[in-house]
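Starting from the two chains in their separate frames, assemble the complex, guided by the hints.
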Amino acid sequence: MSASRYGAEPSRVTRTVILSIVGAVFLIPLLALLQFSLRIGQPDASGVQTFGTQHYLDIFNPAFESTYDPLFTGLGNSLVICAITVLIVLVLLLPTMILVELKFPRYRRILEFVCIIPITIPAVVLVVGFIPIYSVVAQVFGSTPWTLAFAIGVIVLPYAYRPIAANLAGVDVVTLSEAARSLGASWTDVITRVIVPNLRRGILSSVFITIAVVLGEYTIASFLSQNTFQTALALIQQTDPYVAAIFALFALLVAFALLVLIGRLGSVGRKRRSS
Amino acid sequence: MTVAVSAAPATTARGAGKPSRRRSLVWLGLTPFALYVVLFLAIPAVLAVGSGFFDSTGAFTFANLKAFADPNIQSDFFSSFWVSALTAIIGAILGAIICFALLGTKPDGFLRTIVDSASSVLAQFGGLMLAFAFIATIGTQGLITVWLSQTFGLTANVFNNFNNGGPLLYQIPGLVIPYLYFQVPLMVLTFMPAMEGLKATWGEANATLGGTRVTYWTRIAMPILAPAFFGSVILLFANSFSSYATAAALIDQGGIVPLDIKQQLTSETVVGVSNVAGVLALGMVVIMILLMTAYSALQRRASRWQR
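These protein sequence lines map, in sequence, to chains C and D. For the first sequence, this note's numbering gives the first residue as 138, with consecutive numbering after it. For the second sequence, this note's numbering gives the first residue as 390, with consecutive numbering after it.
Please keep in mind that the hints were generated in silico from the structure rather than gathered at the bench. Note that beta-carbon positions come from the ideal geometry of N, C-alpha and C, so glycine has one too. No incorrect hints appear here.
Stretches of chain C that chain D covers, calculated by requiring three or more beta carbons in the stretch to come under 8 Å of a beta carbon on chain D: (1) 258–267; (2) 353–366.
No more than 16 Å apart at the CA atoms, straight line, and that leaves these computed lysine to aspartate or glutamate pairs for EDC-like: (3) Lys651/D with Asp641/D; (4) Lys495/D with Glu146/C; (5) Lys455/D with Asp444/D; (6) Lys588/D with Glu146/C; (7) Lys495/D with Glu585/D.
Okay, chain D solo, but in the shape it has when bound (with noise of 0.2 Å):
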């Protein structure tokens, strides 16, 4: 589960302390949480990440690179990708569309602090609650696949018995639906800031220019939410690529790469080199990076308007 990164708080330079002879000893009170992020964070990742270059007798190595070759792993990758890819646009779309019914909503009336409660709810903690609601929504005994065969007599419905391979939701395609219920609320917590920055001057402007509505949203709304938008769409893919829970509740094989991390880390067999695992973790931590600057990049660009 991930987070929102909206933009960086407000930096001003103000009270930039003078030197002085208590400044180590002012020091000193930084070192507990330096320690601290140095052993839980700094030394697991470059230990996730570096494990990938060593083979079984702790030599350095390049060899376990050759796991990206593996068929198998390019294609949990590409699965990983395009649920991802399925779930961050549909769910923007969506989220997008929520954003709008909410605009002209007081911020803290008791409407958004329910949309926004639910919406954290489902974007950061739901997880494992989540698939086990969708087990009893679209599982085998599930209320809308019983319903189905029931008052439709539909027996063979796509929720029980999809592609030939048993429920839907236990593959990986199944997947789309319940990512999108985080998905959608990551959406409407990250692009919600952007909407409300749509100033209403600006709809006045284009009135008085004779613009139309439909202009208003061609010429003026939709170019200055752009690249929120597309920054929007960038986190929720990072999201829905680095979640876990969800997929190892409903699916017991790999599949998509944190499964696979998992299985690597359990049973070392399938690929013929040594650290998979760190292997993989490499992968998605070069491809969050990726995604994570071109986000930053973008948010730079949106935060012009959101002054």
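Isolated chain C (complex conformation) (with noise of 0.2 Å):
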């Protein structure tokens, strides 16, 4: 292959050494995390350091629950908060998809025009703005964490737009719900067993980062003094390194395999449909 190389490709020398590289450049504060996470106490006076998995016990041992209630608490709050988001994904921005996209492809631009804005305004610039609206939300429901999730919801929209709108541009809709119609489908039926069927992959795949989104979100949380999973951490950051980086680690391996799943489930929906 070597000798015949006329194209952009690299040659697998190259490739393997250049991805050996970033691999390990990567791995190096992950692996850090995790030797941070075994250290027991501070190094002794000859720089000897004890390791184990004392600080991994230490999150079920009852005497310590009291300091790792609220991580628990705030563990529990981004998991309703990833539940709302997931339905406000679900019930507001996928049905209004689906209708633009039969009914108003003049809009199509605007909706995505809409859904990607959050990505020019800064998060840490809406919560300015969030600040005064929550002040009134908090009137309504209470200040309680699930509220967070209306404001959640807008940072996720541009994560959550683009895999159903890339479903969506790969299946005629349009044409399959008149199909549908014509053979005396409900429009209830034409949504629930059609069109969404048809954008399964889509679907799972803006759920998945909503969740890892939600899951990841500091900034609001913060800014409006909720205590969420990653204010949590922050918090308990400062009393206990050790548990939030067990904590840390453990998002982000978590984080890692539901997009690892995305991606084989991208894959095989796509050899399904080739062959």
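Here it is as structure tokens:
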């Protein structure tokens, strides 16, 4: 192969060398995080550090329950926010996207523009506006963590929009729905039994990305002083950095696993279609 | 955290619905989402940017814009600029090299799935946790800091005392290192589609005309990739400019604009005019709009070659 190369592709050796170096450099901080979470106490006089799983066991030790309680509460709050944000994507964004595709294709551009605005307006800017909004929201619903889902739903829009939009572009929903209608299906049937099954892959991807973004969201929760997974992590980092390290590592791995799952889902779908 | 905006999905003018008497009912279907976007995107955005134009009594004023003349705020905008520019340029170059290394691998193969997923995690999800990872790596007790002082006897190395201001990681220049760990992955995500747009036939044409691999890169690939590359640089700049979590976990005081906004919201003192957070928000939005306009212009140019 190397003799007849004239395109852009690197040789196998070049690729291996570059990717190994990059892989190693990117693994260092994560390994350091792991090593840090396994440290027990400070190094002794001669600089020898002892290691063990003590901090991992501490998490389940009833004696430390009050220390780690905010972390589990925060994680619980984040999961509730996740559920509501996913609901916002499925109940508000998805039907709107399908409706625009079917009935208002002229507005597709506008919808896309709206959905990517949150990239142009940084979260740290939006929160300045969320603070007065949330003083109203707090009067209506009380100052509870789940209300953050409304704000985070906006941050999630660009991430949630793209997989569904990409899926929609590849499926001719207009023809499909017309075919279904002419065969006597009701609109409910068209949506639930024809369109949604065809968008399954895009919907799943956007739900997973939504979950990952919500679990990683820090800015809004921190400015609006709510206890979520990330703000609890930031708080516990001050008192018990080891446990913060364990949870950070765990969260990164879970997010990674979710995204690998999206990737595999995508490729399985593509293979099925091409065969 | 921001995400890559790739080229707009294919827009064809098919299925333009005929007007019908159920039209108004269908219109109604768009209202819930419209209402949500107005309440939680449009109003907050207007409030954030508009609040800079009101004084403490609620009267309209341009006086708050004097905050931009404050030397501290100017220097923090400058810091935000150079951190963003530096991490965008280094991130873009390193990311482009990784994209190059990934050329020729199967797009839905195992390797690419791993690289894409790891990139998404670091680019979109990392934030606070990246800060923790770097405290454990180059913080005062970090793996590399301790290793340098124990193995090489460098008890005062660059990581635990930079510029005589304490640990590097807790100063503005120290942000460059953790920032690169989300900038490089973002570059991989945004630049890969452009790299994959390089057609094998162009390489063959180059070879037929007697070109070498060097002429292929300098005369064909680089000019074609240039708009996409600079577009990505802008996106990376915007990403770094607007990111908050990593810096907030490492630095308690201000120093870059997002941290100043937090500081101004918790204690309005330093500058002497009211609603400085709103003024800073306005400044950030103006810069972001300029960046995104430039980005979409370059993206349009780049997409010519991605069909």
